[in-house]
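One-letter residues, chain by chain:
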Amino acid sequence: MKLLRAALLVTILLSTAHAQTAAPGSIQGVLVKWGTTDPVDQATIELRDALGATSIAVTASRTNGQFEFNNVVPGNYRIVALGIGYADSQYGQLRQNGSGRTIRISQGDRVRLQIGMVPGGVISGRVTDPNGRGLVYANVQLFRLAYSPEGLLSPTLVQRTITNDLGEYRLFWLPPGQYLVNSGPSTLSTVGIAIGGTNIPGNTDSTAPATAGIGGGRPRASAPPLREDGVTRFNADATVYYANARDARSADVIELRSGGEVAGINLRVSPMDAASPAVQLRGVVVDPAGAPVQGNYSLSISSWPAPTPTTLASVRPITTRVAPLNPQSVAPGAQMYANDNGKFDGAALPGTYQIRAAQGTASGRTVVDVGNRDLDVRVELRPPVSVLGRVVVEGADTASLKTILDGLLVGIRTIPASQFFGSVGADGQFKIDNVIPGDYQIFVPPLSGRTDIASLQSAYVKSIRSGGVELGGGRLTIEGKEPSPPLEIVIGMGAASIDGRVNKGDVPTNQATVVLLPDGPPPYRSDRYRTFTTDESGRFQLKGIPPGGYRLFAWEDVDAGAWFNPQFLANYERGARPLQLVEGQQVSVDLAVFPIN
Amino acid sequence: MPTALILILTSILTASPRIQTGSGSVEGVVVAVGTNSPVAGVNVEMRRIEGTAAAPLGPLVFASGYTSPGAIVTPNSPNPGDVFYAQTKDDGKFVFTNLKPGKYRLLAADPLYAYLPAEYGQRSPRGPGYDFALDTQQMRVRIEMAPLASVSGRVIGADGKPAPRVRVMAAEVGYQNGERVLNQVQAMQTDDQGNYRLFMLPPGRYYIGALAEGLQRRNFSVAYTQPGQFDGLNQTFARAFVSYRTDGDGQLLEDVYETVYHPGETTPWSARLLDLRPGINLAGIDISLSSGRRRALRIRGTVIDGTTGQPTRATLRAIPRISGPTTVTPTVDTDPTGAFVISGLMRGEYSIAAQVTSGASRLTAIQSITLADNDVEGLRLVVNAGLSIPGRFTLDDRETRDYRVTLVPRETRAAVNVTGGFPLMAVQPGVYRVTPSPIAQQANPDVYLRSIRFGGIEAADGTIRIDNNTAADLDVAFGSNGGVVEGRVSDSQRTPAANAMVILVPAGSTRPDLFKTATTDAAGTFRIRGVAPASYRVYAWPYLPRGMWQNTEFLRSVESIGKSITVNEGSSLNTELTLLPEMYP
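Residue numbers (our numbering), protein chains in the order written: chain Z, 1 to 597; chain R, 1 to 585.
Note that these hints are calculated values from the structure, not bench results. It is possible that some hints are incorrect.
[As the list claims (entries may be wrong)] The list that follows gives simulated cross-link-like pairs (lysine to any residue, SDA-like), each with its CA atoms no further than 25 Å apart:
{"no.": "1", "chain 1": "R", "residue 1": "Lys-161", "chain 2": "Z", "residue 2": "Gln-66"}
{"no.": "2", "chain 1": "Z", "residue 1": "Lys-33", "chain 2": "R", "residue 2": "Phe-554"}
{"no.": "3", "chain 1": "R", "residue 1": "Lys-161", "chain 2": "Z", "residue 2": "Val-32"}
{"no.": "4", "chain 1": "Z", "residue 1": "Lys-402", "chain 2": "Z", "residue 2": "Arg-382"}
{"no.": "5", "chain 1": "R", "residue 1": "Lys-161", "chain 2": "Z", "residue 2": "Leu-388"}
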């Protein structure tokens, strides 16, 4: 008995009552191999929402490569095709490794389209120890080249896999392009490694496996840091980039052609002591009164200046065994320990680190430079402080002033993640409470590119001063020793705005990427650069731009963040539109797009 | 005055050693099981776990990292001086000197994970080690490490072509409540050529299963059981894996796959059982998916609130009757009108469980359904507060509140247990195993479970059936005067057998709490308390995989070699046992 099945219906969007007056549309598509007319059959095609996050309908392609989606509720969508032997391919890709475009389905539309399937390439190799023995369960990570607003190489992770017991790995179904590969220590201490996964989300595990801890089994014998000849050596493995580079900047770029295979991308992971021996750290944590801290406290060490967890150093509190005050409250066989007067020790390889300690609400940190001599360290805990300040708005009448200050926040944030906020009162005063010592960037959230609040569209941060001195880049260091002088943030009402159209010849460019950058090289402050994606009209609007000198670019298809790479940008400087914006200026531009070659 | 803290000793070690004075020493060699060749580069760790009055254990060192005040802090290392590290040279030898008296444990682990970690005193590579006493002696030890095995092959799809991105699992045979089950030891994916490799497998008996998860799967979590762990890591997924294709007429077909076991069986027990010996590398273990492909089916229906009669929002889960090392239990929410669609199901038996949580109350329903070749429409599930089962716990015939009971459903592995004191609430009809447990951490070891009665009738094997009309009390009775079985195990040479497993198997019942196990100490002696008065057979084995002693088939095969004993209330029985030869399952 043959089963008659139509393509899947769109069910999720039928719940809003008033949507029923709009006649649904349909999509007739065909899958072909990229750059040819050869059909691709038995591939899975997903109709997704405009963000690409939710799958709305799924179908498969026939022998002639054809597929359809019927009863599509009007809206914006992305279409993703998944086929054996192919990289994830999206409708609207202009390059084999570009991103796709959204498609708009209007009332009653019958859309015909074609999707080019990108042949999948392979990168493979082996991860070994210095003796050539394969490392099992080593993380292998694949990166695309990308740049940060600081102008530094900041590769984007696109896939992860692990090695087998022979140390082999295989990354497959990759779009062509330039890649970096790195590998790190064996991941046996973690569970739930994700393999695969390009930028397109999909069906993921919703139940992670239970933690494969040691409980119930046996302890794992490991080789701890050994202290020989008065010097501590780590037994940890360092992350290495292909081919034998410590960081991304000195790594080899792997060129993968469409459907090609690059084998022999081997990585040799070595223990850290191969580089240099570690030195010992001896420390004490003191309370705000200067006395060694008593009781339980937390302690950690991270890299510096960007405080990320590090495997190059470790610290731990020293403890002594004590008799329990209340024996009944202690489980039989358990032992009791107390921190020994705030003393801690540790070891670190040469470099700069930040050591943080906290007890209750008090916290402190110290930055240490580790060379080749043992160090004595002192961490002073301080109660959290408040940062006071005042927001002054230039050139606004009383009514606008009230609207601007209403709901305004001032924030300070560190890398990676701590953020603190204070509300601005009607008199412009603000107070940010519970700030712990650290290095911060000051920002005013609604003025960092949000253009939806009408009263703020001409507002911008004109200056940030502390104790009368302009803070470069809006950065502030708080140690907590004495109160910092109050901040003065001046908001100007003369932000400039740019609107315009992106064209290729006479034709407006759909989903072009428009980028506004200030003059000069990176780093770029977050409120000083903008990006925008046009729609079919090719139009764009940028608001809230601080006065100054800028350059405006538009690309038909470009990798996100490529413009932060000075070498990439150099190819386009001559075609960029320079702009000198003064207070309150509104500029209109017709911009020629940089086409893909 | 330092603030005292409560801490619990754990077993992860990273401290650096400092030599302390003592005079004991341990000299050893590490060899591979089977070949007996020395193993170089192995990390050996000796840890003192019990001090003496003259040489107590030292303080512990904490792990670094953030901890919030008041949290239980677990130290990650005993004091240097109570832990020692060594690494074997090419001759496989290692030495520890200047050891203080006390009790120790010795562990060997290969940093490259080519061998199963081994402990001193193990009677089997999969069994536990034990603590040994060190006085002022020179001790010689021999550690055998089992090399780990690998299995590789190719998965062929239902279309006859190599199948990429298919989950392949190494599932070891284990025992749970006497039943044979599969424990997932490792799961990996096939690559673009359909090839897979499963590795770091401890010696044992395995089935290799393949589960197609469809091309939409973007992330894959590698599941693995660390060598040295004994339980598998079975996974449950809440979203069905559907594959899409077109047939010769261009019609869209949705498929769901059952797990297929090498070479191509959907029932594991009919598939080929692989006996992985230490260090073996089995290649060519191919699996064909064609027998596992099924049409994807749907169930549509509504959830009704039994207290109001109106449709209600709820969460539903479809639990297959047969579960495996990886089980898919599609979970969906109803829309605001109480209507639901569960997709990605296949032919077979399911329990559909619905749950509504509003505030503190919980309404549930569970219904069995058998899917054939077509979708099911109009399923109505009526959630209700469930039944309330009254009862009591007694100790020596006096009522007590020191226990709780868990009703474990027997028919579905993934359904929700009901736990608590009496009356038990929100119980749905079904067949359950009654599992009582003491609330206090340290129970009286002489207490034994006397009987479980439901509606005045003794529950055979501790299992009860609850219907919609059930109006019965559950009486769980304990006695505090359990019997004691003690004795000594010797091997055939009359030498005391240390670290042996003694197992008491009840003669007339299969109620789980009646099975008792103990491990002999260094002198070969054992003592089991809280034994319920009954007839038993006693066995002493070097090692038996956990739970196997409850398996009916196994018990039948060893019935004749057990020693029969009868235990009376409050009595103490002393018995001499001879170590039986190891029974590899």
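Notebook entry, point to check: When the hints from earlier in the document are held up against this structure, which numbers fail?
Noted result: Result: hints 2, 4, 5 break, sorted rising.
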